[in-house]
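**Q** These are the residues of each chain, in order.
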Amino acid sequence: MELTYTVEEQAFRLQVRQWLVDNLPENPLKSFDTQEGFEQHRQWEKTLASGNWGMVTWPKEYGGRGCNLIEWLIFEEEYYRAGAPLRVNQNGIFLLGPTLMEYGTDEQKQRFISAMASGDEIWAQGWSEPGAGSDMAAIRSKATRDGDEYVINGQKIWSTRAVFADWVFCMFRTDPDSKRHHGLSFVFVPLDAEGVTVRPIDQLNGLPGFAEIFFDNVRVPVSHRLGEEGDGWSIAMSTAGFERGLMLRSPARFQQAAKNLMELYRAKRNDILDLSIEDAVVRCYMDAEAYALSTYQTASRLMSGGQIGAESSCNKIFWSELDIKIHDTAMRLLGARGELEPDSEDACAELGTWLDGFLFAQSGPIYAGTNEVQRNIIAERMLGMPRK
Amino acid sequence: MNFTYSKDQLTYRNTVAALLAGEVTAESIRARWASAQGIDSNLTQQLSDMGLNAMLVPEFCGGLGLSELDFILLAQECGRVAMPEPLVENAMVATAMLSDIACSDLATANQCQDVLEKIAAGDASVACGHWINPYINMADTNQWLLLPHGEEVHLVSTEAVDLIDQRSSDPSRRIFKVNWQPSSRTKIAGGQQGADLWRSALNRGALGVAGQLIGLAESILQRAVVFTTDREQFGRPVGANQAVKHLLADCAVSLEFAKPVISRAAYAVATAPTRADWAVSHAKVAASQAALLSVRHGMQVHGAMGYTWECDLQIWMKRCWAIDKTWGDAGFHKNRIHEWLLNPNALMGAEHTFGKSMSPNNETTLEQGAA
Chain U
0 MELTYTVEEQ AFRLQVRQWL VDNLPENPLK SFDTQEGFEQ HRQWEKTLAS GNWGMVTWPK
60 EYGGRGCNLI EWLIFEEEYY RAGAPLRVNQ NGIFLLGPTL MEYGTDEQKQ RFISAMASGD
120 EIWAQGWSEP GAGSDMAAIR SKATRDGDEY VINGQKIWST RAVFADWVFC MFRTDPDSKR
180 HHGLSFVFVP LDAEGVTVRP IDQLNGLPGF AEIFFDNVRV PVSHRLGEEG DGWSIAMSTA
240 GFERGLMLRS PARFQQAAKN LMELYRAKRN DILDLSIEDA VVRCYMDAEA YALSTYQTAS
300 RLMSGGQIGA ESSCNKIFWS ELDIKIHDTA MRLLGARGEL EPDSEDACAE LGTWLDGFLF
360 AQSGPIYAGT NEVQRNIIAE RMLGMPRK
Chain H
0 MNFTYSKDQL TYRNTVAALL AGEVTAESIR ARWASAQGID SNLTQQLSDM GLNAMLVPEF
60 CGGLGLSELD FILLAQECGR VAMPEPLVEN AMVATAMLSD IACSDLATAN QCQDVLEKIA
120 AGDASVACGH WINPYINMAD TNQWLLLPHG EEVHLVSTEA VDLIDQRSSD PSRRIFKVNW
180 QPSSRTKIAG GQQGADLWRS ALNRGALGVA GQLIGLAESI LQRAVVFTTD REQFGRPVGA
240 NQAVKHLLAD CAVSLEFAKP VISRAAYAVA TAPTRADWAV SHAKVAASQA ALLSVRHGMQ
300 VHGAMGYTWE CDLQIWMKRC WAIDKTWGDA GFHKNRIHEW LLNPNALMGA EHTFGKSMSP
360 NNETTLEQGA A
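Those protein sequence lines, which keep their order, are chains U and H.
To convert, note that position 212 of the first sequence is 211 in numbering that gives the first Met the number 0; the numbers rise steadily by one, no gaps.
To convert, note that position 265 of the second sequence is 264 in numbering that gives the first Met the number 0; the numbers rise steadily by one, no gaps.
None of these hints come from the bench; they were simulated from the model.
C-beta: ideal position from N, C-alpha, C; glycine also.
Accuracy of the hints is not assured; some may be wrong.
Unchecked claim - What follows is a set of in silico ranges between Cβ atoms, one per label pair, in the way DEER data are often shown:
(1) H:48 <-> U:323: 43 to 53 Å
(2) H:7 <-> U:143: 56 to 66 Å
(3) U:383 <-> H:17: 15 to 25 Å
(4) U:265 <-> H:306: 43 to 53 Å
(5) H:163 <-> U:7: 44 to 54 Å
(6) U:344 <-> H:233: 51 to 61 Å
For reference, chain H alone in the conformation it holds in the complex (with noise of 0.2 Å):
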């Protein structure tokens, strides 16, 4: 048992840091806002010649060949400097899928071979849709897409597909609805083979999410310590005060009992996707929750600055109240839970915090979220 990330992981984690602080600024957001696709294309660069995009996509394709457990981190320092880039969806949901078709005994296993080598090569990129998503984030910016149709998997040129945007109260999200036509050209997966794809996309997705999530308010949280420390009213700074204090303290409580789970989460994704449900949803669920009381307490302190279009928060607050309700909202990851803690063969008890490890056939794998 060890509950701590590698010092490779956390030196990673801090370069991907620095290169995101001098690279995502809050004025080289809405500098963003006002192009044309949403994207600083130099980032995109940067990012691709790190090897970011091709972190999940295997050796054999010319990727690093690491797991969720190595890009959480990252996940979270994307979400810290509120990117507006879908790194985190791309490389960590629908190049990951990709992966998984590659290294499976599928007879497109060599087609995504292909494309993974080109994305490790930094000459393509891919986004995935989902059935739980009604858009797609940037889909104009990759030449592929993952689509569902069914249980089936389809990949798809972009160019093949008609994209209809649409406008997300977050002006960082560029977001469309794609309409198109499957057919059995553009079929990768299909049956139950496809049916866990997009399971494992889904627990993807809202591992991403929640590892954004955790990000997003923990940098909300820092502008609002900041905030209260330099603005004064009665002669002294309005973070003197309990009432502003335990608001903050609140939501530090929150994110302190986030962060595990989001841990847990992406171990489990990363060492034993099939069963890794449960873990996924208390992430999200946990992670959705600390940050929106970040938004909520962060605004408060702010005052009326807080509620305006000049002040920053709102990059962060906007954030977290869209990318909250994707890869399935409070109510979807809730219900999952629930229905596990019904079901009778249920592993419950502090001895299945990690899943099935006192089983008889001494089993000793994440086992949680079987059902």
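Bound conformation, chain U alone (with noise of 0.2 Å):
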């Protein structure tokens, strides 16, 4: 056990720290769930990616830096705390990129990969479909082949960032007679191609943040089928989904919240009645900690040739419940005026983004897997609980 950063992992800290300063955008950009906004995160990523610094992880023939996890983990670190934006493409690079490098063809790699890296084509998600929500496995969507194509047909629901993205990747039924998790095939479906209708649905703050797609005979080149067909759902399944669930939500973010969450408190600390406050600031900054010291132990562990195990399915539950927990303590903070948008006449520095935060932390515990569900697989798969 060696708990000190290396000099060249410093070294690469200090490189990322002096990037952001030099590339970081002057003002906070818009919301991606807006057309404006949407199109300056696109510019960041290709900022981003001017630089390398899009995804480190990747190869360098990707537009990566080859990057070890320790290191992804500092880059993160770095990112919020420079209060750099959003990635508004995280279904590509966190999510699918992965998986494409492991399971696609040498053509799909070069198609796809380096257009998503540079932020030419960003990426949605379409898992979810409104008869198939935690429970996955009921997908109704088709893809019927029909010579070098598919033809699909259905809906998919709740697909995160599908009003302006350029493509989506989906599990489609591709047996017609399969049942459950078999018969599914993984199909990426650019969103411009004709018989694809996108419906925005607003989410709690009233931006449409994710969206209902319709396919009505939608032809897509079987090209697009990511892996073996009928191999969607182990593709998705796979340990290397395990890896995304630890990228996806860096223990970063949550630092830097908690770090924030600290600042409010010493201002308002004077005026606070409520006692129990000071107990949740420092469960808040504790946690956050924890969630940090817990993914170093598993990127360690990775890279000295561990595998990740079920009890990553901690993980999600975990980061939820302290986003929750920090937003909350911060609008208790902030009391009465908690509730201002930031556009309103008496809106005042102090209120940050923590109403939009505080917002947002609420879809944590249902998204990617309710925690319900998250909480079922670490009693069957973690601790073996019977089934049924």
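Two chains, each in its own frame: build the complex with the hints.
**A** Rendered as structure tokens:
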């Protein structure tokens, strides 16, 4: 065990820090769930890519830097420390990218990865359907083989970023007689294809952060399928999937939020009547660090040849509940002004982006598999409790 | 940066775990309850033969010269079997304090070296009092006691003190109040050095408790899984119900995010003991929280059985309840964290998770606890 950064790691941190200072947009970007903000964020992705900072863990040939997981953590720490924009292409770079590298053909990698890294193509994800939420194996949308093409019919829902994105990666039933997790395939669809209709769904903050996607005889070439026909489920559930889960929410995000919370607490603590806030603040800071320590430990284990185990299913519950705790505590500190939208006449700097973060935090325990489903997974796969 | 235990550390852990699993069973613990001193002297001898008492004793005093980081995994194993013998407090706190003095320039260094050599040879043992704890567990089984008098550290023969035995709710614990008179002959350190020694002792003690709590909680969780898998109601295992699963899943989450915190604290105590306060307090709070949740939920899923004397679960539960309050309770440790967070010089933010690694002078040691 060596809990210090090497000289190289420190140099890397300073390099990231300096690049961000030199390149960060001067003004905060608009929400990427608006047309204007989406394009601003796309531009930021291009800027990141121009310095090979888009996805530092990717191989150099795909625009990355071949960084290890510790370096990735350092990059993320600096990224959130600098208050850099959220990643509009996170479905692509965090979820699809690594899967493409593992399962894609050379042609597919050639075709999709660079365009993803450069921000030229922003991805939405299309897993859920009206009848397939937590129970993803209940997918019914079909991709029917017709020569060198698939003909797609059906509906996806809760597709994040689909309103303004260029592509969506989906799971479709390619074997009409199959049931559950058999007979599913992993297919890419351009969102401007004929027969695709995207209907925005406004989120709790009033912006269309996700959408329904309707497929009406949409034709895509068979070459847009990732992996073998019928292997969609195992690709989605592969070990790599757990690693992606590790990268989806890096701890730096919560550590930065906890640090911001401490600043708010220092400013407001003399006005506090609710003594339990002190405990909440301490807990938020500790838990954000605990999440970071756990991630460092997992990263170290993976780097020394270890495997990611079932215990990683604990992650999502922990960070999503932590995110709520941090923002809930901030709202308690802000008191009756906490409800002010940023464009209110009386809005002030102290309000920061806490309200926006508070609303977004509410979705954490729900998306990417509700926390109830996660608890079932922990109980059955990690603890070995009986399924029935 | 490498946050993994070495192969040697894990191998040694597994060896000790195998020994303890064979020697410390619920049945043998109940047998200790009926005995006069509450310990298994055969096991004590075995632990001593393996060098466990002398792990933190420097090599020049006949010990193994290892650190708290090497010991912390063993503390977890001691907790896992709910071992009544006070190995963790004696070897990781009391003996380590003597080692600190033996390695110092204090005039009493030689005296401490003599005692340490006896400990390493298996001929003596020492327990440690502390102003934060009203009682010493198993004080009567040691030849020597380290006792505080203000900032002074006194090394006192157990025969020279009055041990007033109390009765703990945990029958595995034999706790004593110590009545004694300090004298210049028993004093082995004082002043700032004494204060530093007591501060280190508190951190080591809290770390040792945190480690044991993790092991205790993991064991409770495992027992709860076995019980809810075997026990059937409504024609199926009670553990098939989501309401039951989710209680235990929450325990697992709490434990998963306590374990790396304890590892960091052990590293901090071993490499930067004067700056380990923050990491240790975090570890103690996180481990206590995980343990008390496991007790609560573990007992709940045992149904009425969990409320009986007969059910072995009580051995683990009562230990958690008792030691959670030792070496600083949740209030003490949360306050220490709170104070640090309010310090304007506190190094906060993700780049300081492991301490002051980004300071201008490029210091790479763990310095988070610096006030």
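**Q** Hints first: check each against the structure and report whether it holds.
**A** So, going through the hints one by one against the coordinates:
1. Residue 48 of chain H and residue 323 of chain U have their C-beta atoms about 52 Å apart, which keeps the hinted 43 to 53 Å range intact.
2. The supplied range of 56 to 66 Å is met by residue 7 of chain H and residue 143 of chain U, whose beta-carbon atoms lie about 59 Å from each other.
3. Against the hinted window of 15 to 25 Å, the Cβ-Cβ separation of residue 383 of chain U and residue 17 of chain H comes to about 22 Å, which satisfies the hint.
4. A C-beta distance of roughly 45 Å is found between residue 265 of chain U and residue 306 of chain H, which places it inside the suggested range of 43 to 53 Å.
5. At about 59 Å, the CB distance of residue 163 of chain H to residue 7 of chain U disagrees with the hint of 44 to 54 Å.
6. Between residue 344 of chain U and residue 233 of chain H the beta carbon distance is about 60 Å. The supplied range of 51 to 61 Å therefore holds.
Of the numbered hints given earlier, the model fails hint 5 alone.
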